[in-house]
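Peer 1: Spelled out from the first residue to the last, the chains are:
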Amino acid sequence: MKFYYFHLMPYIIDHDEPSSWVTLSNRHYDPALGHTLYNQYLDQLEAAERLGWDGLCVNEHHQNCYGTMPSPNVMAAMLVRRTSRAKIAILGNGLPLRENPLRIAEEIAMLDVASGGRVISGFVRGISAEYFSTAVNPTHSRERFYEAAELILRAWTEEGPFPFDGRYYRYPYVNPWPRPLQKPHPPVWCPSQGSSETVEWAAKRRFPYLMVFTPITRIAQIYGEYREACERHGYQASRYQLTVNVPIVVAENDAKARALAEKHVMWVFNVGLRMHPPFWRPPGYMTEASLRRLLANPPKPPSELGFEEADREGYLIYGSPATVRDKLRVFSDELKAGILCSGMTGPSHEQTLEMMQLFAEQVMPHFREDARVDETVGVGR
Amino acid sequence: MPALRELSIRGTLVHMLQDGAGSPLLFLHGAGGGGRWLDFQTQLAKAFSVYSPSHPGHGGSPAAEWIEHVSDLAFHYLDLLDALELERAHLVGASFGGWIAAEIATMASHRLASLVLIDPVGIRVDGWIYPFLFAMDIPEIVTTVFHNPMAALALAPPDQSAETLALQYRQGTAIARVAWNPHLYDPLLRRRLGRIATPTLVCWGAHDRLAPLAPCGETWAREIPGARLRVFADSGHVPHLEEPDAVATAVREFCRLHGGLR
Numbered sequence: 056m057k058f059y060y061f062h063l064m065p066y067i068i069d070h071d072e073p074s075s076w077v078t079l080s081n082r083h084y085d086p087a088l089g090h091t092l093y094n095q096y097l098d099q100l101e102a103a104e105r106l107g108w109d110g111l112c113v114n115e116h117h118q119n120c121y122g123t124m125p126s127p128n129v130m131a132a133m134l135v136r137r138t139s140r141a142k143i144a145i146l147g148n149g150l151p152l153r154e155n156p157l158r159i160a161e162e163i164a165m166l167d168v169a170s171g172g173r174v175i176s177g178f179v180r181g182i183s184a185e186y187f188s189t190a191v192n193p194t195h196s197r198e199r200f201y202e203a204a205e206l207i208l209r210a211w212t213e214e215g216p217f218p219f220d221g222r223y224y225r226y227p228y229v230n231p232w233p234r235p236l237q238k239p240h241p242p243v244w245c246p247s248q249g250s251s252e253t254v255e256w257a258a259k260r261r262f263p264y265l266m267v268f269t270p271i272t273r274i275a276q277i278y279g280e281y282r283e284a285c286e287r288h289g290y291q292a293s294r295y296q297l298t299v300n301v302p303i304v305v306a307e308n309d310a311k312a313r314a315l316a317e318k319h320v321m322w323v324f325n326v327g328l329r330m331h332p333p334f335w336r337p338p339g340y341m342t343e344a345s346l347r348r349l350l351a352n353p354p355k356p357p358s359e360l361g362f363e364e365a366d367r368e369g370y371l372i373y374g375s376p377a378t379v380r381d382k383l384r385v386f387s388d389e390l391k392a393g394i395l396c397s398g399m400t401g402p403s404h405e406q407t408l409e410m411m412q413l414f415a416e417q418v419m420p421h422f423r424e425d426a427r428v429d430e431t432v433g434v435g436r
Numbered sequence: 085m086p087a088l089r090e091l092s093i094r095g096t097l098v099h100m101l102q103d104g105a106g107s108p109l110l111f112l113h114g115a116g117g118g119g120r121w122l123d124f125q126t127q128l129a130k131a132f133s134v135y136s137p138s139h140p141g142h143g144g145s146p147a148a149e150w151i152e153h154v155s156d157l158a159f160h161y162l163d164l165l166d167a168l169e170l171e172r173a174h175l176v177g178a179s180f181g182g183w184i185a186a187e188i189a190t191m192a193s194h195r196l197a198s199l200v201l202i203d204p205v206g207i208r209v210d211g212w213i214y215p216f217l218f219a220m221d222i223p224e225i226v227t228t229v230f231h232n233p234m235a236a237l238a239l240a241p242p243d244q245s246a247e248t249l250a251l252q253y254r255q256g257t258a259i260a261r262v263a264w265n266p267h268l269y270d271p272l273l274r275r276r277l278g279r280i281a282t283p284t285l286v287c288w289g290a291h292d293r294l295a296p297l298a299p300c301g302e303t304w305a306r307e308i309p310g311a312r313l314r315v316f317a318d319s320g321h322v323p324h325l326e327e328p329d330a331v332a333t334a335v336r337e338f339c340r341l342h343g344g345l346r
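Chains as they are written, first to last, in this note's numbering: chain V, 56 to 436; chain H, 85 to 346.
The shape of chain V in the complex, shown without the other chains (with noise of 0.2 Å):
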């Protein structure tokens, strides 16, 4: 199994605000904490390096305080220059809310080449409470999407210039420099909520799927119709396209380990994923046929997610290392999921540096059959 080390960047708070998204007002953002916190968190992710870990994980949230990353391409280009090793995964630019989606193609291309070809491109749409942040229409959510991730693989693909005259993207000259080190392109990678729409898209072009914080139960659902829709386009999946992100707590035993995890995972649930209900599902920005299917089981708000039914749905994992390898092993034997994308998160910075080297040193050794496999050949291009 591949270890990513996945970082949100959240800016822990408690507030009484009835959305952590979109409205939360900035007025509790303290820049000189922020300093402080940008740097601890750029300080664990260069140092999941030194510790053994596979890649690096960066992604794009807007006006809220679950991730404090709205550029997440800033915050790769500054783990470029500080690491040497680890791929580092923007997970990822969302595609639709760019007004401009060639600068995207441009910035990873820069990534990459300034890497030495370390960089793994994700593409997403964004949640849902981005396109109130944005104002981008959701009802052109989906087509915007693909419109712009075609445009991308074909700036990084094609010979420049060409022209291209989508429905919401048009350029007389396609023609960024740089291009791109890795060939045909950097990998991409599709985090995604499981709509059956973005699994065929990813199935088809090999692109690796990722599920963040979703049941078990659902995980190997989508799992599932994500390997039937690749054996559908004449191919078996590796199982490095399947891809989790959990959250993990481990401690030398599973009362202390629970203890935490009770307190600063179900932040990110009860707090961090507070939304205004509206925020959750704007107009448009899902099919109606994957509307149906979520009203059929429709899922627990994640603020209303209680400790035990999180544990229970295997929402998290926590425990001693040997309990969290036990846990672990249901994901990599039983999903067969080849890359773990999870971060860590202790009570303090030194604590966290302090889990991640338990994890390090008690858990990752046992998963380590595939060390020498590079998981990036023939997978996400």
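Be aware that a few hints might be false.
Covered by chain H, per the in silico footprint, the following chain V stretches (three or more residues, Cβ under 8 Å) [to be verified]:
1. 179 to 191
2. 322 to 336
3. 360 to 368
FRET-style restraints, in silico, Cβ to Cβ [stated by the list, open to error]:
4. H:Val-315 to V:Gly-89: 48 to 58 Å
5. V:Gly-289 to H:Glu-149: 29 to 39 Å
6. V:Asp-69 to H:Asn-265: 29 to 39 Å
7. H:Ser-245 to V:Gln-276: 21 to 31 Å
Keep in mind the hints are simulated off the structure, nothing from the lab. We put the beta carbon where it would ideally sit given N, CA and C, even for glycine.
Keeping the supplied structure of chain V fixed, place chain H upon it in accordance with the hints.
Peer 2: Using the frame of chain V, we list chain H on its own:
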């Protein structure tokens, strides 16, 4: 009881309710309406032959992917007039339907015997930003749109079934497609209002909190040549639902005195 008609307008299926006798009147409903025959239409049908189509994606009319702009809806209803072989008709539009009606009038006033706009949205008004409808939950929508919340019951969904929720989502999607950004207006429309060359009545709820009388209603009345402004004292954004008899009476009187058709 109104008759339900299903028409194909240049390939787009339209569900339309129709009742009454007299000169033809096309009524364009607001966001979240459609498929309903309410007191307002019943009152109008006493004096007019009322045509009440559901916008694409509303009521029984399926969504139409080709609609990208409110002017597409305006052309759609000009096509409907052609299909019904109505050379001229009275046009009444409420809220979002008023926006479509105003676009139609800027394009083809010669097809209109008169124009009645009831608290329309659709233009950029100096000194006013429409509160963002798509971020409101149901209670917020009711307090923003209605001065008399009891009137909201007429639009209340029958249940919370998947079918009802899917319809609401389809309606919201149809509106968002043309009204998310810019929110509830067409930047080009305000200047074009000067082209309207049909007798126009602008009806406004005194307590409209989505598009207040000052400055919104006053701007509309000023921009449309010769328009009359009529204020309804006990209404919010939807006087035709809040004071249906008074608004229907005002429409009838206006059409009788000023309209180009009897």
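Peer 1: If a hint holds in the structure, say so; if it does not, say that too.
Peer 2: Evaluation of the provided hints:
1. 179 to 191: holds (count 3)
2. 322 to 336: holds (count 5)
3. 360 to 368: violated (count 0)
4. H:Val-315 to V:Gly-89: 48 to 58 Å: Distance hint for H:Val-315, V:Gly-89 holds at roughly 51 Å.
5. V:Gly-289 to H:Glu-149: 29 to 39 Å: At roughly 31 Å between Cβ atoms, H:Glu-149 and V:Gly-289 fall inside 29 to 39 Å, so the hint holds.
6. V:Asp-69 to H:Asn-265: 29 to 39 Å: 33 Å, holds
7. H:Ser-245 to V:Gln-276: 21 to 31 Å: The hint (21 to 31 Å, Cβ to Cβ) holds, given that H:Ser-245 and V:Gln-276 are roughly 24 Å apart.
When each numbered hint is compared with the structure, a violation occurs for hint 3 only.
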